[in-house]
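Number of protein chains: 2
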Amino acid sequence: MRALDIVMKKRQGEILSAEEIAFLVRGYVDGSIPDYQVSAFLMAVFFQDMTPEETGYLTREMIDSGRTIDLSALSGPFIDKHSTGGVGDKVSLILAPVAAACGLKVPMMSGRSLGHTGGTLDKLESIPGYRTDLTSQRFAEIIGQCGFAMTGQSSDVVPADRKLYALRDVTATVESIPLITSSILSKKFAEGADALVFDVKTGSGAFMKTPEDARRLARALVDTGESLGKKVAAVLTRMEAPLGSKVGNFLEVEESLAMLNCPEALTRVPNDRRSDDLLNVTIRLTAWMLVAGGLAGTVDEAAQQCRAAIDDGSAWARMEENIRAQGGDPAALYERLGTFRAPVAGTIPAAGDGVLTGIDAYAVGMGGVYLGAGRNTATDDVHPDVGFELLRKPGDTVAAGDVIMNVWGHTDEAVRQAVDTVQAGVTIGEAGTTVDGGPDEMILEELSAL
Amino acid sequence: MRALDIVMKKRQGEILSAEEIAFLVRGYVDGSIPDYQVSAFLMAVFFQDMTPEETGYLTREMIDSGRTIDLSALSGPFIDKHSTGGVGDKVSLILAPVAAACGLKVPMMSGRSLGHTGGTLDKLESIPGYRTDLTSQRFAEIIGQCGFAMTGQSSDVVPADRKLYALRDVTATVESIPLITSSILSKKFAEGADALVFDVKTGSGAFMKTPEDARRLARALVDTGESLGKKVAAVLTRMEAPLGSKVGNFLEVEESLAMLNCPEALTRVPNDRRSDDLLNVTIRLTAWMLVAGGLAGTVDEAAQQCRAAIDDGSAWARMEENIRAQGGDPAALYERLGTFRAPVAGTIPAAGDGVLTGIDAYAVGMGGVYLGAGRNTATDDVHPDVGFELLRKPGDTVAAGDVIMNVWGHTDEAVRQAVDTVQAGVTIGEAGTTVDGGPDEMILEELSAL
Chain E
42 MRALDIVMKK
52 RQGEILSAEE
62 IAFLVRGYVD
72 GSIPDYQVSA
82 FLMAVFFQDM
92 TPEETGYLTR
102 EMIDSGRTID
112 LSALSGPFID
122 KHSTGGVGDK
132 VSLILAPVAA
142 ACGLKVPMMS
152 GRSLGHTGGT
162 LDKLESIPGY
172 RTDLTSQRFA
182 EIIGQCGFAM
192 TGQSSDVVPA
202 DRKLYALRDV
212 TATVESIPLI
222 TSSILSKKFA
232 EGADALVFDV
242 KTGSGAFMKT
252 PEDARRLARA
262 LVDTGESLGK
272 KVAAVLTRME
282 APLGSKVGNF
292 LEVEESLAML
302 NCPEALTRVP
312 NDRRSDDLLN
322 VTIRLTAWML
332 VAGGLAGTVD
342 EAAQQCRAAI
352 DDGSAWARME
362 ENIRAQGGDP
372 AALYERLGTF
382 RAPVAGTIPA
392 AGDGVLTGID
402 AYAVGMGGVY
412 LGAGRNTATD
422 DVHPDVGFEL
432 LRKPGDTVAA
442 GDVIMNVWGH
452 TDEAVRQAVD
462 TVQAGVTIGE
472 AGTTVDGGPD
482 EMILEELSAL
Chain U
42 MRALDIVMKK
52 RQGEILSAEE
62 IAFLVRGYVD
72 GSIPDYQVSA
82 FLMAVFFQDM
92 TPEETGYLTR
102 EMIDSGRTID
112 LSALSGPFID
122 KHSTGGVGDK
132 VSLILAPVAA
142 ACGLKVPMMS
152 GRSLGHTGGT
162 LDKLESIPGY
172 RTDLTSQRFA
182 EIIGQCGFAM
192 TGQSSDVVPA
202 DRKLYALRDV
212 TATVESIPLI
222 TSSILSKKFA
232 EGADALVFDV
242 KTGSGAFMKT
252 PEDARRLARA
262 LVDTGESLGK
272 KVAAVLTRME
282 APLGSKVGNF
292 LEVEESLAML
302 NCPEALTRVP
312 NDRRSDDLLN
322 VTIRLTAWML
332 VAGGLAGTVD
342 EAAQQCRAAI
352 DDGSAWARME
362 ENIRAQGGDP
372 AALYERLGTF
382 RAPVAGTIPA
392 AGDGVLTGID
402 AYAVGMGGVY
412 LGAGRNTATD
422 DVHPDVGFEL
432 LRKPGDTVAA
442 GDVIMNVWGH
452 TDEAVRQAVD
462 TVQAGVTIGE
472 AGTTVDGGPD
482 EMILEELSAL
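Same order as they appear, the protein sequences are chains E and U.
Sequential numbering of the first sequence, starting at 42, is according to our numbering.
Sequential numbering of the second sequence, starting at 42, is according to our numbering.
Don't read these hints as lab results, they were simulated from the structure.
Given that identical chains are not distinguished, each listed pair holds provided it fits within a single copy or across any two copies.
Straight line, CA to CA, 20 Å or less: simulated SDA-like cross-link-like pairs of lysine to any residue:
#1 Lys-50 / Lys-250
#2 Lys-50 / Glu-60
#3 Lys-250 / Gln-53
#4 Lys-50 / Asp-210
#5 Lys-50 / Gln-89
#6 Lys-50 / Phe-88
#7 Lys-204 / Pro-75
#8 Lys-250 / Val-215
#9 Lys-204 / Thr-109
#10 Lys-204 / Arg-153
Using the sequences and the hints given, assemble the complete structure.
Structure representation (structure tokens):
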């Protein structure tokens, strides 16, 4: 077997066998196939696509290239959620304890913010003392204890994906559905999940800007998961405006605590806007996890269980237990509620009277990069205490001068740039304008193979 | 400027600027841009194509990457011909002395056989003493003296093409029209030609199997040449059966001498079949060169001059002078005429009565590789004295058992494999069958920008 023939075959749009994909991935990892052949292959895949079966072979090879997390000492069901990334997307921080409170085990390996999108690890690390560099033994112990654990990805999990992703990043082959699919699925299945629920976002603040692209990715995730004999569901959700009412690292932790009915949050930030868009998306995704795990017969039934776990405080109890287990200091965390803000404050006022028709999520994400909430490059540091608070959401009636958003940053310059960037993404229409994408319209489509 | 952005732009089907292409080629040659980015770029070009202007920028950069041949001490016009390669294609050996006899200067840098196609250098080297490794000074002197010279490509001419071609060869990106075009044009213009005439072959024995593909390449060659301000003509010719009546290294020299009316050839191999397909293609291509060089007003007028140069012996006189100038020994060459044959002989007989409808050129080319006329890989040696003689051509009436071809090789095994391979490509139809592609139907189309 020769790598050249495999590249040629894919270039011609032919379907590769499991053996051919295994040959290529193993050869790339062991260094016997040079990167220039692999990058030509990746570009051919970009143009010629892969079937769910081919994508499944690729995923399987990437999983087998490294260590997988052993959760066999625990009883499942092990179900995780993955989001394709958005602005204000703190769903994981709420969903994991809710799912755990309902009886699932959630082995969650998360990433860091990059570009305009936030990262769960950066958010968690704004909790004083919280560690996201768990050993796999400690990861398993905490899952056993709290029902969920949150950690960064270990370097010996899916090394083939790390190597391939690094090559894709410098060869303009990131945006390929089968390559995205295999990268996501390999990481998630290697961490020990039996089933996965995907939040595939679409809109200006998402990786997939159009519903068509998002649907293609969702379809590939579900079909490839099925080809691997795994349960997968995918929910297409809107990402035109930021999700919820806070964007930033600690600001999102704060909002998550309030959503989880944390008593200290309800006392210390009582005037927080409770955003139904965030709640609805989170409940729906968690409900799919319960169905995937066999803990509910229907998604609606499961959604009732999730709401109950929030209302009765059991979800928050799981979160608090997890914070302690992962080294966090709840008392120090509570002290930060409502007070942990970078020193330079700014506001984004309404430019006129009417209906707020849009707050562009991409603009807010890029504004966050100026503030230091996110990163331009993977090695940048982030600030935990910067970001935005949305006092108004699309659909609200506003008068000229009303404060739409508060902004916090470390320098006048950063705040000015962030305000300018975000301001350009704020649109106001005539009184009476109807706005799409309200809290009850966040879910665009659902696909599943359960 | 970043290589990644250029790869991305081409991947998205955008048109690159001269500066972007220069950045990429120079960076690749100087090592600042890694091969994995260039191979991704090449694959993106395979799928997204390039305009003639982009292909022209690429060609210009490849020319400028190395030394160009300086013919300024001579007076032109300097016109060369390039063939995309075929079986039995000894056109260069006849065309160069004819063009020189008509008043052109032909600076010809040729290649070696590879795969099923022959190479001019291998053929020339079957002439005792003939050298194809001329210095560029000697190359220019011989052009001044004989009107043409034939040499291999110097390693300091178009180093970018050498480096890019080596990468294309291992990344399944050889078969891309703009990449083929820039590779051919850069080599030919770097050798000092003012104008070029292309023989773009199509059919089983050609690189471009279909007339559509051949037309695309011809169009790209002409349009790109025009974008570089050069005169280019392209002639699409048939390559379904071998061209002429001999295939092999010395065998093709022998046929070329006969075509040039070399007196010794007429005496020593008087019964050679004189093939009008070969003559017609050669005359037409040479005529286009004369028109490109301003030595004739029309192609038909030019063709008359070419035929006259053959008939009056002036073309042969040029060839003999060139053989001496390049170190060849005419007397030793004449001794070989009709006698220089590898020891094991075989034949390919007609399997039945009827009309010979086809002799598959690709099968003959591959049969030649078994004999050692051609090469499987670039480092194989070739035999000068092996090959095929076609006693019959498609369109001829044959009876069962008639010898269609003679075969010469060095081992029984090689001859057996060659016979089996070629036999499978010989087809005989019912009496009265008409066969396309006769000597007067060799030219399919002509394109020019003169």
